[in-house]
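S.K.: What follows is each chain in one-letter form.
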Amino acid sequence: MTGSLLAGLLIGVLASTVLAAVFAVVCIEFRADQIIAGLAIWLIALGLAPFASQVVYGSPNTDGVGTLGTWTAPVLADIPLLGALFDAAPPVYLMFVAVIGGWYVLNRTAFGRWVRAAGENPRALDTAGVDVSRVRYAAVLLSGVLSGFGGAALAFNIGQFTGNGATMVNGKGFIAIVAYLFGNYNPVGALGSTMLFASLDAIQLRLQTQQILGVPNSLVQTIPFVAVIVVLALVGRTQIPEAAGEHYESGEE
Amino acid sequence: MSADGGRGDGDGPVEDTDAGTSWPDRLREYAVSMAGASAGERLFIALAAIVLSMLVGTVIVVAGGLVATCRTPVLTVADLTLCYDPVAVYDRLFFGALGDPLSEGWSPLNAQFAVTLRETTILVFTGLSVALAFRAGIFNIGTQGQLVVGALGSALTVLWAAPALSGVAGTVVLIPLGLLAGAVGGGFYGAIPGVLKAYAEANEVITTIMLNFVAVLVVRYLVSDHFQDPGSQAIQTASLPEYARFPSLFFDPRLNFSLVALAFALAVVGGVYYLLSHTSYGFDLRTAGLQPAAAEYGGVDSARTVVTSLTLSGALGGVGGAVYVLMVLGKFQRGVPSYGFDGITVSILAGNNPIGAVFAAFLFGVLQSGSSVVDFATRPTTSPPTAARPSNATARAAASGTVSAPSRGGRWSRSRRWRCWRCWASLRSSRRSRGSGSCSASSSRSRRSRRRSGGRSRSSSRQSAASSPRSRASSTSGSRGCSSSRRSPPSTAHT
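Same order as they appear, the protein sequences are chains A and B.
With the first letter of the first sequence counted as 1, position 86 gets the number 209 in the numbering used here; the numbers rise by one all the way through.
With the first letter of the second sequence counted as 1, position 274 gets the number 414 in the numbering used here; the numbers rise by one all the way through.
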């Protein structure tokens with residue numbers, strides 16, 4: 124990874140964290156409706172990124188920035204079947220680190236317990252003497268950091284930011300919401316369900332290029348989106364944290 | 141945060157007074173305070189939001205102006221050069237959209253004002269669509285998809301029925317038929333997330349967003365594979381006959397604006413207002429939105445309310461699509477502008493009030509139309525006004541279907557508007573001095589814009605149909621694209 128790409132990665136993460144911070148302030152401090160605030164953040168980012176690119180590059184798409192290439196682990200890459208995992212782009216490794224780290228933090232550390240308590244039973248957390256708002260701020264900011272990594276990985280995968288139309292992100296954040304729901308609010312489950320969606324996307328791309336079934340491309344492209352809807356309809360009742368989406372004001376009652 | 145006054149959430153930090161106040165009491169208190177302050181306070185909140193967003197917009201314009209490089213900056217302080225003039229931007233944005241009401245010989249029938257009202261008309265429908273669902277406690281982000289489906293349904297139905305009729309009879313029959321088809325199409329598409337929410341507990345925010353993507357793709361397939369206009373490169377249906385389009389009363393027919401459609405929009409506003417405020421169904425709907433449990437207890441079938449309100453909301457979006465087809469475009473074309481997303485903002489700004497939506501829609505109509513004036517003001521005008529390049533369509537298409545630049549703060553407009561901003565300052569000043577303002581274009585830039593126009597002129601345009609001399613003139617500049625970014629020094633290859 125060259126220095127400028129590293130800097131780009133960090134700045135991408137920073138930008139996404141700043142947006143997450145805005146969301147956190149609006150929702151936690153001012154008790155805004157989280158869905159409306161989330162949509163507003165989405166729309167702002169959807170406009171801001173192509174605009175920034177327009178100012179700097181004169182087009183909603185940036186110039187090419189180069190890609191990260193792949194890192195190959197010497198021996199491990201030769202393992203049949205699993206070898207592909209050790210011959211991948213750096214963000215792939217980062218993803219595994221994030222999943223394992225996320226699972227560990229959530230389930231094995233005090234901070235993880237606080238995060239879960241802030242979602243399940245904020246009053247208990249408050250009673251235990253932990254500031255609910257601070258935990259929630261930290262959680263939202265961390266979420267911004269992680270999505271920033273996702274965005275940077277996307278850009279460095281293609282080597283460009285594409286801001287036309289639905290931008291290169293093309294609704295992936297929403298698929299992520301469903302994936303997490305489907306993964307039952309567990310980082311490892313989320314890995315499984317995102318792999319499902321990702322493989323659907325890969326199949327969709329394959330079908331497009333190879334015209335295997337003779338189905339028109341436009342319809343093939345709907346596969347991931349329809350899959351999201353179907354999954355959501357099937358697992359509509361998931362274990363949503365008790366207090367998700369609710370405001371908490373210390374000192375109520 | 142203030143926007144969802146109807147949902148009973150408090151704004152800002154709420155001091156909880158008495159210990160043990162139960163939520164119905166608090167809800168009532170809140171409702172009473174909102175009812176008391178209602179009109180005035182909400183108007184104040186809306187105005188404050190607009191002013192604030194203009195400030196944010198100014199910051200963005202200034203920041204963009206500092207980052208961009210140009211030959212003749214508006215302002216130079218030490219090493220810093222400001223390329224864009226925010227005051228002029230807002231001047232063009234608001235006065236331009238109205239056709240310069242302060243100048244002599246102004247008439248309300250001017251071309252730019254027609255564009256403003258045209259945008260307003262469609263935004264009224266999408267705003268109403270979002271507002272109706274919001275009042276039922278449902279976030280219908282899918283108005284865009286419902287509008288697209290309604291637009292296609294309307295175009296296909298009218299095309300199917302048109303040969304049987306002609307003349308005035310055609311107009312009288314076909315337009316209601318087209319609107320009905322739009323309503324049915326949009327309503328059907330809105331019912332899907334409704335059913336999924338009511339009976340499978342699928343969150344409507346996500347399903348509607350996914351359905352937006354699905355709508356665009358399915359419609360593209362339907363049009364390109366089954367209803368393609370054989371004489372056209374663009375993915376579009378055949379054109380509707382002239383008599384199947386909204387008659388433009390006082391305005392020039394070429395402006396694609398019809399007072400009849402606007403009047404219809406206002407009538408629908410009245411209808412929705414009446415439905416929400418004066419019928420038992422509206423009462424059920426609002427109760428279900430404010431407090432689902434209480435509504436259920438009171439005998440409201442919440443599943444049915446969810447389905448019907450989303451269906452109605454979708455129907456309103458579909459009618460918006462029908463109006464877009466019957467008034468603006470005269471056919472269905474791929475790449476419908478993001479009226480549906482704009483409708484969310486319209487509705488939120490209006491506090492989900494149908495009457496307020498008219499004013500919010502007008503504001504957004506002004507922003508929408510004014511932004512094209514700003515765009516025009518940023519383009520060089522030295523080339524002959526006959527160029528065939530459909531740059532307006534092209535550029536518009538660059539963002540069709542989505543939202544992009546947050547221009548006037550809080551507002552998202554289409555990316556193309558920014559293409560030539562950086563030239564604007566230089567243009568203005570050079571026009572003042574020599575009158576030969578033209579933005580330099582680097583070869584790479586123009587190649588890119590050419591490629592873009594080649595690839596994308598197929599998709600749609602909200603403006604191309606508006607054959608106002610202005611937009612035609614502005615279209616000439618498409619080929620030269622503006623540059624002055626650091627990466628392409630203006631000295632290379634003038635086109």
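Heads up, a few of these hints could be off.
No farther apart than 25 angstroms at their CA atoms in a straight line, the calculated lysine to any residue pairs in the SDA-like style are these [as the list claims (entries may be wrong)]:
1. A:K295 x B:A340
2. A:K295 x B:N343
3. A:K295 x B:R360
4. A:K295 x A:I164
5. A:K295 x B:E341
6. A:K295 x A:T232
7. A:K295 x A:N340
8. A:K295 x A:L129
9. A:K295 x B:F184
10. A:K295 x A:T285
11. A:K295 x A:A247
12. A:K295 x B:S420
13. A:K295 x B:L357
14. A:K295 x A:L128
Hints were generated in silico from the structure; no laboratory data involved.
Keep in mind the model is a prediction, meaning the values are calculated, not measured.
S.K.: Identify every previously stated hint that the structure contradicts and give their numbers, smallest first.
M.R.: 6, 9, 11 and 12
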